[in-house]
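Start from the sequences, fold in the hints, and give me the full structure.
Going by the numbering used here, the letters in the sequence shown line up with residues 1 to 454, in that order.
Note that these hints are calculated values from the structure, not bench results. One or more hints might be untrue.
Pairwise CB distance ranges (calculated) [what the hints assert, rightly or not]: (1) I195 x Y234: 25 to 33 Å; (2) A328 x G92: 20 to 28 Å; (3) L330 x Y410: 16 to 24 Å.
Quick caveat: nothing in here was measured; it's all calculated off a predicted structure. For every residue, glycine included, the Cβ atom is placed at its ideal position computed from N, Cα and C.
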Amino acid sequence: MPNETTARPQQVARPFVAPAGSNAAITFVTVALLVGLVYLANTGDLVTALVTVGVALYVALLSVLGSTRLGILTLAGAFFTAPAYKGLAPEGATITPTDALLVVGFALLLPEMLRGRLKLPLTYIVGIVIVFAFGMVATLRSERSLESAFALVFWLIVMIAFPIAILLWRPSRTVIRGLAWTYVLGHMASWAGGILTGGITAQGRHFGMTNHPNYFAEAAIMAIALLIFLFFEYQHWVMRTVILGFAGLTGISILLSGSRGATIVVAVLVVMIPIVERSAITGFFYAVCGATLVAALPFVLRLTGDTSAIDRLLGGGSASGSDQARTAGLESGVDRFWASPFFGDGLIDLFDIHNNVLQVAVGVGIFGLFGFLLVMFAFARPLFGASPYRRLCYTVWGYMGWGLLIPSLYDRTLWIPMCLAAICWLSADDQDGTTEATPAAAATTEPPKTMARN
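Put into structure tokens, the structure is as follows:
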């Protein structure tokens, strides 16, 4: 047969159609920009004008990126600012910029979250119910019920809203890695910003862009825990070397913070790794690192001076004063607990009690403490399970260790990275949707079968 060609139908170019709602968004952005500039010209109030322009640009990004992408970027902003959120908030403010980023980020992800299914461990549910019930009883019995209720709301938000939002959203593995990296970089930025702006006490303790060396140190604990997770996420030696470099810098930041508690907690986390991973090679590697650190200890002490965490562990610097304040707070907490051991004294005036367990016992009683321990058990147990995200639970163990030394019941520096560990509660089938297929897995996937014609 002669060669024949079939003429293709002529394609008509489609006119460009703007995304739905984009015209309204552009109009809003234009008007907001004009309002901000006019307001600046008439009043000279630069802050209000910048806020107006910022909102306008944010809406413009929403029309370009869509709610899901912008929601992820907004949450990344929350993770980036979480290490220093106390120092970034105006003095005396209860709601911080980090809190606002969390609310806006999850609000933008609400369409994704509404499609999710919620599965919670029974121990977590029982623990939350107990904490809520006895928290309400303690609040109603307290002489300062309003203050106690406010603290209870914040405590329940970090224990309930954060983890449930993560479970309903079910971020992909790439997003989880990105959020972990964002937190680590946020701690590094806080440290650098503190050095540039004088974030060092008169005694020489670094506190970054936070407002206390202990807050700077607790961010470093979470950064170390996330770096442990990231170390096992990558197999290439280059990425692992980079992660070890960040871990070394974070360790130095802990030493310069002068926090003895953070030094002990990180040491325990490092010791846990070969036990949890059940790897002789990993154990040998950390033994070599430990021997190297011991050999370098005299140099480290000279480098960090007499305000480092190691020197304070040996009783130097301001260690004695801190010990006296901690002892006085614990004695006062024990007296308050025995005054009302079953129903608590309300979640008020707990800051001087440098122990989360005693804080909870004082605030909501022994039964409320039991509920809190159930919640912590639900968060911590997956580290020894089979979830591919189980190493995120190192953050939980870091929180529990730190909480024995420093008051941190609803500290967002700790709870924001910890909430990622809730993804471990998903079953194996549910977690398949949070991981991307690897090239090897894609290559072994069989193509769909087609029925042969008769």
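Checklist entry - Between I195 and Y234, does the beta-carbon spacing fit 25 to 33 Å? => result holds (29 Å)
Item to check | Verdict for A328, G92 (Cβ pair) under range 20 to 28 Å | outcome: About 25 Å separates the Cβ atoms of A328 and G92, which means 20 to 28 Å holds.
Checklist entry - Do the beta carbons of L330 and Y410 sit within 16 to 24 Å of each other? => result holds (20 Å)
Comparing the model with each earlier hint shows no violations; every hint is respected.
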